[in-house]
Amino acid sequence: MYLAALLIAIPLTSALIAFFAGKRIAPYLSLASGVASLFYFLLLMGSYDVVKNYLSYNTSLSWIPEMRIFFHVGFDAAAVLPLLLTQLIVTLSTLATLVRGNDRNAAYYGLIGLTHAALNGFFMAQNPVTFYLFFEATLIPVYFLVLQYGGPDRRKAVFKFFLYTVFGGLLMLAAIVFLQFHMREHLSLAGWDDFYKNKLDLKYQYWLFAAFFIAFAIKTPLFPFHTWQADLYAQADRPSLMIIAAVMSKMGVFGLIRFDFLFVEAIYRWQYLLIPLCLIGVVYGALVAWRQNDMIRILAYSSFSHLGLIAAGILTMANLGIQGGLFAMLAHGLAAAGLFFVADVLIRRTGTTQLDGISGLAHLQPRLSAYFFVIVLSAIGLPLTCGFVGEFYLLWCIAEYKPYLAMFGGLTLILGAAYLLRLYQKTMFGKSPEQGTFQGLSLSEDYVLIVIGLLVIVLGFFPIHWIGLGQYAFRFMNHLPAN
Amino acid sequence: MNPELILHLILWPPLAGFLINGILGNHMPKWLVSAIACCAPLLSFTASAVAFSQLAGQATTVKLYTWFVGEGSAIVDFSFLIDNLSMVMLFVVTGVGTLIHVYSIGYMAEDRGFHRFFAYLNLFVFFMLLLVLGSNLVVLFAGWEGVGLCSFLLIGFWYDNLEYNKAATKAFVMNRIGDLAFLVAIFLTIYTTGAVSFADVHDTMSNDVQLNDPAYIAISLLFFIGVCGKSAQIPLFTWLPDAMAGPTPVSALIHAATMVTAGIYLIARMHFMYDLVPVTQLVIGITGCLTALVAATIALKQNDIKKILAYSTVSQLGFMAVALAVGAYITAIFHLVTHAFFKALLFLGAGSVIHGLHGEQDIRRMGGLRKKMRWTYGVMLVGTLAIAGLPPLSGFFSKDEILMAAHSHNIGFFIALALASAFTAWYMFRMFASVFHGAFRGKDATWDHVHEAPWSMRGPLVVLAVLSVAGGLLGLPAVTGQSHRLYKFLVPSIVQGRVSASHAFEFALWGISLVVILALLVICFKRYGSSGPSEPSVTPSLFERLLVNKYFIDEIYERLLVRPLKMAGSWLMHRGDYGIIDRVVHFPGKVVESGAFALRNLQDGRLSSYLLYSAVALLVFLTLFLIF
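As you go down the protein sequences, you meet chains A and B in turn. Here the first sequence is numbered in our numbering, starting from 91 and rising by one per residue. Here the second sequence is numbered in our numbering, starting from 1082 and rising by one per residue.
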């Protein structure tokens, strides 16, 4: 009955304890909760039968009975990959803080735990109100994480981020309130499955979808709502940035998957506009990333660019797009976490975020450079890494929609290679600094990189079981008339 | 032995070699590293021989597992096809590959990246095997991108040098332009035929008799753009000369014998489609002719020994492309094989020269090396004559066949290629005479240290020299009354008629090419034999300037593509993000702020006002959105 809720309860409890635990215990408590959630998640996944019980481990409570508002979380096919990503990245990000000279206080780990709980809730939410609750709930700990532990210009950056996101959230809230009243009779405890059966008038669909889309476009971000992103990333505390960039950036596109089956007609009507818009972001982000000299900004724009492709794939409303979108979320999450972590390793050692300040580390750190390279390969979508499979599906469905758009969006293959190899070469290649000035990888750093590197390769060779889940999420399309 | 076991034995040794040397190589002695590295392709070669003896003539597909499933019938298996075409490629890749591995032991002996080098080389062989064995387009694509990756790693092998890094990135990015087209071609193939494996695509397409179906034109052209990237055809060839930054064995293996011929292989593999689209064939033919001519003329004026060979490779790939264009797929493969022999030989010979001269690559500072490097001299002579097309060396037969095939289809192609052949003989003799004849023009100190290569390098050279001489036996022309072995072997995989011409024409061709080659030989030795290439004249003619500057193609790309894109990137950041978007978001706020200056005191904290401004701004966006 409460099996799904337990996945929220574990990090939440540990977060609450962490706030009051000492500075010594909190990191390990947080790590333990991350590992526990990961294993608990794997346990749930192992006994999850997507064919028999699409929606499993339901936890549903009556929240405001007069308005038929329920708190409802559960485990379904669409949620599996994002949940896996969340458990992995939160654990790795906690591990990433466990380095020499770590002076983060207990509250930091408490906030990480709250973020974790909120993210788990978000991906497992089974109705719009619960979805909205967790959508906003993630905002608060992240707001404080950046504000308390970020860089010198954090106030401005956080402010910008907060305004954007809150605005998007408000639009979504309005839409959800409308939905709630409009569909009151049709809401049930059966989760999204029943929810999608609602028929919405086209005139409502337009407005509601616009509200949702803008909220998600801001959150992801998609062009042209992206300008908060690089500023925020540049200021954020880097281990927590792993969570922000790898998992939180997926909330928007995940929301698109959750709601697109309700707005099928509206999306079909606007596809011709929205997909190119997303793809403009792909090229825009790639071009800007290519011209940056700040590692974090390169990665921020890279993330913006890749997510545009995911959104475009999802908006094609094709089976491939949903499968590829979900898988690409996982792939991008792993790569982004890995890249931001490598950036963290480099910045902590060299004290600079600028490319000019770092060079020739391959001689001194062959292992670091090898891990870094594998992660870069996945980020540029080389076959036999997981990045390829996701990108392949996304471009595939875009090509079936309009081949020339696949050519345009596929420019990310070329530009992505250009800017990520530039980043790699500038830091790893070239003249090496004096021997001994660069401290080797610590054990915890090694673990983070090994886990990400191995997963990238293994999922590249054997993606089928993971990517296949997407088609179960897609079956809701069948309730609805095709184009 | 069952096919699956054979496949495993072919495919995995190089990957294992990569993993062992890549992970543990640092802690192993050099002899062990080189033993593992050389055994890996040798094992694959042996297994290929087993495959040849057991499976020849029958196409065998081995499915390992399902990689992923797209929509409908497009199931992408991790599966492999051993047929006669892939077998030929297997022998080239593992055979020449093994020789080059052995050669590298001597060549890279002093390098501190010894184990890294061999790890990359093994990884390259693995991806190349994936490429030639893949039974569907996606596995082939995986190998295709993988070899590009290894090419990147090996071009930039000496990564301290920023120029080399640039060359590596250039190669990778230019290849990726082709790869994007390749990828879209895969999608369109799946879309039109519903299939992804070669066998299924073939079955669907062979039902089609309609020529120039627009969908097929699009697909075949897109594939050809991919080929232009990988096989260095105009307009995507400029990465290959720069790729010479890598160690010379890399140039021999990747940038001459195997990887750059992957495009030729791809079209031969998809020949059933190209037979249906004469339009594309014409495009390929024109591109091939232009490539052959442009690269050959550039090679006339180059002074870097490796660059000459690189442009020569580009030019020869143009020859192969023309052969594909006129439907002589087997001829293209024939030239691919002989080219692999003699070009690998030439590169390795050049490597031996560079090694002997301690890194000198400029032929203006060479000369007279025949006295000190007898073996190298001998094998290079064989290689030079083979590529020039002197009968009865291997290059003669394959090039002759391409010329014949071109002649019977399009006289324009024939003339272009004949001209390019003459240029080929010219630049090769020029290089050869400058390097080995006359007096040494470098520093005396260098001359004293000139030495012949060690046996580990000489051995592979000799084997390749023998192959370059005898390779022609694979495909004797019809006029000799002998059977064309390669044709007979490949016909089960590639349906095509045998290339032939009238006896009179053939004999005329032989006679003329013999006379021209010998004449050029004499002229070149007179001109360059004693004093090497002349210094550029002070007032070069326009044509000379074009050649010396490689037709300014790199500069044109830089001006027309790279710089505008860079500017766009900067502009988008400064003007786009901070200028337009942020200003639009803040604009309503600013208006309210200035307009309501007097009422400012009424406003509470900044947060809410900003919230309001942004809300209004985004509402504007929203409205715009809905209007559209």
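No lab work stands behind these hints, which were simulated from the structure alone. Keep in mind the model is a prediction, meaning the values are calculated, not measured. Don't be surprised by glycine CBs; every beta carbon is placed ideally from N, CA and C. Just so you know, not all the hints are guaranteed correct.
[As the list claims (entries may be wrong)] To list a few chain A residues with every Cβ distance to chain B over 10 angstroms, as calculated:
#	residue
1	L145
2	N195
3	T317
4	Q515
5	S534
[Unchecked claim] Partner residues are not named here, just some residues of chain A that face chain B (Cβ under 10 angstroms, in silico):
#	residue
6	G112
7	I159
8	F160
9	F161
10	N409
11	R438
12	T442
13	L445
14	A508
[What the hints assert, rightly or not] Reference listing, derived: stretches of chain B covered by chain A, where coverage requires no fewer than 3 residues with Cβ under 8 angstroms from a Cβ of chain A:
#	region
15	1238–1246
16	1471–1480
17	1648–1659
Status of each hint after checking the structure:
no.: 1; hint: L145; verdict: holds, 24 angstroms
no.: 2; hint: N195; verdict: holds, 26 angstroms
no.: 3; hint: T317; verdict: violated, 5 angstroms
no.: 4; hint: Q515; verdict: violated, 5 angstroms
no.: 5; hint: S534; verdict: holds, 21 angstroms
no.: 6; hint: G112; verdict: violated, 34 angstroms
no.: 7; hint: I159; verdict: violated, 26 angstroms
no.: 8; hint: F160; verdict: violated, 30 angstroms
no.: 9; hint: F161; verdict: violated, 28 angstroms
no.: 10; hint: N409; verdict: holds, 6 angstroms
no.: 11; hint: R438; verdict: violated, 23 angstroms
no.: 12; hint: T442; verdict: violated, 19 angstroms
no.: 13; hint: L445; verdict: violated, 13 angstroms
no.: 14; hint: A508; verdict: holds, 5 angstroms
no.: 15; hint: 1238–1246; verdict: holds (count 4)
no.: 16; hint: 1471–1480; verdict: violated (count 0)
no.: 17; hint: 1648–1659; verdict: holds (count 8)
Of the numbered hints given earlier, the model fails hints 3, 4, 6, 7, 8, 9, 11, 12, 13 and 16; all others are met.
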